[in-house]
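Peer 1: For reference, the chains in residue letters:
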Amino acid sequence: MIKINHISKSFNDKQILNDIGGEFEKGKCNLIIGSSGTGKSVLLKCIVGLVHPDTGNVYYDLRNFTEADKEMKAEIRREIGMLFQGGALFDSKNVEQNVMFPLDILTKMPLEEKLERVNFCLKRVGLESVNKKMPSEISGGMKKRVGIARAIVNNPNYLFCDEPNSGLDPQTSIVIDELILEITHEYDITTVVVTHDMNSVMGIGEKIMFLYKGSKIWEGSNQNIVNSGVKELDDFVFSNKVMRGMKSES
Amino acid sequence: MKEFGRYAMFMGSLFVRRETFATYYKLTLEEAIQIGLKSAGMIGMVAFFMGAVTTVQIAGNLVSPFVPRFVISQVVREMTILELAPTIIAIIFAGKVGSSMAGGLGTMRITEQIDALEVMGINSSSYLVLPKIVASMLTYPMLVIISGVCALVGGYLVGTFTGIVTPAEYIQGIRYAFNPTMITFAITKSFVFAFLIASVSSFKGYFTQGGALEVGISTTAAVTNSIIAVLLADYLLAELFFE
Chain A
2 MIKINHISKS FNDKQILNDI GGEFEKGKCN LIIGSSGTGK SVLLKCIVGL VHPDTGNVYY
62 DLRNFTEADK EMKAEIRREI GMLFQGGALF DSKNVEQNVM FPLDILTKMP LEEKLERVNF
122 CLKRVGLESV NKKMPSEISG GMKKRVGIAR AIVNNPNYLF CDEPNSGLDP QTSIVIDELI
182 LEITHEYDIT TVVVTHDMNS VMGIGEKIMF LYKGSKIWEG SNQNIVNSGV KELDDFVFSN
242 KVMRGMKSES
Chain B
21 MKEFGRYAMF MGSLFVRRET FATYYKLTLE EAIQIGLKSA GMIGMVAFFM GAVTTVQIAG
81 NLVSPFVPRF VISQVVREMT ILELAPTIIA IIFAGKVGSS MAGGLGTMRI TEQIDALEVM
141 GINSSSYLVL PKIVASMLTY PMLVIISGVC ALVGGYLVGT FTGIVTPAEY IQGIRYAFNP
201 TMITFAITKS FVFAFLIASV SSFKGYFTQG GALEVGISTT AAVTNSIIAV LLADYLLAEL
261 FFE
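Those protein sequences? They're chains A and B, same order as listed. In this text, residue positions in the first sequence follow our numbering: the first is 2, and each later residue adds one. In this text, residue positions in the second sequence follow our numbering: the first is 21, and each later residue adds one.
None of these hints come from the bench; they were simulated from the model. Treat each hint with caution, since some may be false.
As the list claims (entries may be wrong) - Here are a few chain A residues that face chain B, going by a calculated C-beta distance under 8 angstroms:
# : residue
1 : 78
2 : 86
3 : 87
4 : 106
5 : 169
Stated by the list, open to error - Capping the alpha-carbon separation at 25 angstroms, the derived lysine to aspartate or glutamate pairs in DMTMM-like fashion look like this:
#  : chain 1 : residue 1 : chain 2 : residue 2
6  : B       : 46        : A       : 129
7  : A       : 134       : B       : 132
8  : A       : 133       : B       : 103
9  : A       : 27        : B       : 138
10 : B       : 46        : A       : 164
11 : A       : 71        : B       : 39
12 : A       : 109       : B       : 50
13 : A       : 232       : A       : 164
14 : A       : 94        : B       : 50
15 : A       : 115       : A       : 129
Ideal Cβ placement from N, Cα and C applies to all residues, glycine included.
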């Protein structure tokens, strides 16, 4: 479980996040949603430690990450897997080397064992016989899958996904969403997904935090998001034609 | 001053939370191949023509019959060892290797590859930059030696084929009143220049923010700042050495 308390962040006197708190539950797909520019990605970066919040703390299973020393931070980070928006695969390494990278750096596994684990993870995300391809030779959807394989190769306790569907066609988006949900349940990990894609919200949003202008204004699940009664959330949710149709039908 | 402070802090960050020696060893070898081996051909060729042109121009200016012809190669030797090989090649090195370092790191930054390393608990600056600096400091002195040899060979071939000097005169000039401490000075300069080029270029690339346009800006800044640092260091080292 990840807990955040009173997270605030500003850049050049512009308040991006304003006193955000909440919990991301273990074994569930936790979503941070909101329109572009509401601070979703900044919040995610604060949680994983890429940005230091001005106020507030982040707790990983009761371990205060924000105020931890460098060793403790490194230890917690080794339990984190992250899928970046563009995949963030290392250009100079092939698919196999990309997925193996965390094992190379963080473990002392023999090569055979590492290869076995890499092949297992690639198979798990539905990729086979692409081991020797370079990132430039594979599609956007495949890059995302390789990114997921790299994120889970080290058996993380926490999985973070920053806009996993951006730039993907609707069909591939669903495949990626389902994969994230399956992995979350299968390994019983805490998954946090930043998205503004309503298909993802309805498909995998077991717990949802809605941000509006840097503040959290709603929390719930995909079961009750359409009846939240929060105007800003309704504006966000029903900006989608399909969702408007669902509402009028109901 | 603020920029220099950031640079100093960046340099400090290379030595904290380091990875294992084996990791750095492998990365340094890879960088050495990239930086050193793949630059040797171009640098050798540039040095060859520098030596050739220098020989022709010195011969053209030494019109007095009282000056022996071997002085041509003596001057070529001094110029090559003191300035052409370490300093001019450093400018070419900054253009080729410095821009590549800054561009590579800048691209890694904007495509979140550096963030990916940080999230994995790796000190990205140390992991990415330290091997580049060490590899530069190992390979650049070798490139300077290669370029020195190529320049002298270029001067010899052009000088003898065009009849400016005889082979014997050229060799005599190369050996005449040779002071070996000049080699020490050139090698010392090459270590300093390699450090400056690799560290300044990496610093500029590592802190790129924005998109493709900013990567281009960082790359240009890396090359210009490296060259300025090299020229400043060249002057300071000359003052120190010849005091």
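Peer 1: Against each hint, give a clear statement of whether it holds in the structure.
Peer 2: Against the structure, the hints come out as follows:
no.	hint	result
1	78	holds (3 angstroms)
2	86	holds (7 angstroms)
3	87	holds (6 angstroms)
4	106	holds (6 angstroms)
5	169	violated (17 angstroms)
6	B:46 / A:129	violated (28 angstroms)
7	A:134 / B:132	holds (20 angstroms)
8	A:133 / B:103	violated (46 angstroms)
9	A:27 / B:138	holds (23 angstroms)
10	B:46 / A:164	violated (34 angstroms)
11	A:71 / B:39	holds (14 angstroms)
12	A:109 / B:50	holds (21 angstroms)
13	A:232 / A:164	holds (24 angstroms)
14	A:94 / B:50	holds (12 angstroms)
15	A:115 / A:129	holds (16 angstroms)
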